[in-house]
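Asker: Read top to bottom, the protein sequences are chains P and G.
With our numbering, the residue at position 22 of the first sequence is 22, and numbering never jumps.
Every number in our numbering is 1000 more than the matching position in the second sequence, counting from 1.
The hints are simulated quantities; they were obtained by calculation from the structure and are not laboratory data.
The reader is advised that the hints may include incorrect statements.
[Said to hold, decoys possible] Derived PhoX-like pairs (lysine-lysine); straight-line CA-CA distance at most 20 Å: (1) Lys47/P x Lys107/P; (2) Lys1077/G x Lys47/P; (3) Lys1045/G x Lys107/P.
[As the list claims (entries may be wrong)] Taking beta-carbon pairs under 8 Å as the criterion, some of the chain G residues facing chain P (in silico): (4) Gly1046; (5) Leu1047; (6) Trp1049; (7) Tyr1054; (8) Thr1062; (9) Pro1063; (10) Trp1106; (11) Ser1107; (12) Asn1108; (13) Trp1109; (14) Asp1111; (15) Trp1113; (16) Gly1114; (17) Gln1115; (18) Gly1116.
The beta carbon of each residue, even a glycine, is placed where N, CA and C say it ideally should be.
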Amino acid sequence: QSVLTQPPSVSGAPGQRVTISCSGSSSNIGEGYEVHWYQQVPGRAPKLLIYGSTNRPSGVPDRFSGSKSGTSASLVLTGLQADDEADYYCQSFDSSLTAYVFGSGTKVTVL
Amino acid sequence: QVQLQESGPGLVKPSQTLSLTCTVSGGSMSSGGNFWSWIRQHPGKGLEWIGYTYSSGNTYYTPSLKSRVSMSVDTSKNLFSLQLRSVTAADTAIYYCARGDYTNSWSNWFDPWGQGTLVTVSS
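Using the sequences and the accompanying hints, generate a full structural model.
Answerer: Here it is, written out as structure tokens:
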């Protein structure tokens, strides 16, 4: 199982706001390692959405935002759109495992 | 912009070696301090980081696969490779290559990714 825990699924109506949590521990997020988020549309490769916990690469809409506090991080999607339906993964580094680690993934459904 | 493309056999027999290549275009692997990674995704499952190589040839592998993995780089051809030995059905997955980027040692991420290639281990 993943060392970064995410809810299996979240859903919302178009235009609504959803939040995806990423819960870690003192050997990863809590130790100070930043969190990064990826969007994976079915059948496609993951795409970087947020890096350094709060930064958006160029081209990523400001509807996507990230935050980090303590041993957890969150990804917020506002103004939900149909093409936001995808799987979302958080990623960090774990000093106990000495490996980059990914969250378990969250499927976002637009109702 | 930098693009990555995986290539290699889609079917490997159990106990044999899985070999994949990632060709980098749109930029030199040797420029900047990026690292170059392999990541896999078992069918319908999450993502698992396998390891990375620098253009210098320095490598680091995830401990759980370290005994079976090796990576190499060919900067003259702008590509890097993955070898996974003694494969079993549990190694069936989509294999992605990706460029590693960073701001400091506390913040390393993967961007961009290749499209991925499905490798099935079966006799």
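Asker: Now tell me if each hint is right for this structure.
Answerer: Tested hints:
A C-alpha spacing of about 15 Å is found between Lys47/P and Lys107/P, which places the hinted pair at or below 20 Å, so the restraint holds. At roughly 25 Å between alpha-carbon atoms, Lys1077/G and Lys47/P are farther apart than 20 Å, so this suggested pair is violated. Taking the CA atoms of Lys1045/G and Lys107/P, the gap is about 12 Å. The hint holds against a cut of 20 Å. Look at Gly1046/G: its Cβ gets to within about 5 Å of chain P, closer than 8 Å, so that hint holds up.
Interface restraint check for Leu1047/G: the shortest CB-CB distance to chain P comes to about 4 Å, inside 8 Å, so the restraint holds. Interface hint status for Trp1049/G: upheld, as the beta-carbon distance to the closest one in chain P is roughly 4 Å, under 8 Å. About 15 Å separates the beta-carbon of Tyr1054/G from the nearest beta-carbon of chain P, more than 8 Å, and the hint is not met. Checking Thr1062/G against chain P by beta carbon gives a least distance of about 4 Å; that is within 8 Å, so the hint holds.
A distance limit of 8 Å between C-beta atoms decides the matter here; for Pro1063/G the minimum to chain P is near 6 Å, and the interface restraint holds. Given the 8 Å rule on beta carbons, the hint for Trp1106/G holds: about 5 Å separates it from the nearest Cβ of chain P. With a cut of 8 Å, the hint placing Ser1107/G at the interface with chain P holds, because the nearest CB-to-CB distance is about 4 Å. For Asn1108/G, the suggested interface contact is upheld, since its CB lies about 6 Å from the closest CB of chain P, less than 8 Å.
Here the hint on Trp1109/G is kept, as its CB sits about 4 Å from the closest CB of chain P, short of 8 Å. Proximity of Asp1111/G to chain P holds as hinted, the smallest CB-CB distance being about 4 Å (cut-off 8 Å). Interface restraint check: Trp1113/G against chain P, minimum CB-CB distance 4 Å, threshold 8 Å, status holds. Satisfaction of the interface hint for Gly1114/G is found here, the shortest Cβ-Cβ separation to chain P being roughly 6 Å, below the 8 Å cut-off.
At its closest, the beta carbon of Gln1115/G sits 5 Å from a beta carbon of chain P; the interface hint therefore holds under the 8 Å criterion. About 5 Å separates the beta-carbon of Gly1116/G from the nearest beta-carbon of chain P, less than 8 Å, and the hint is met.
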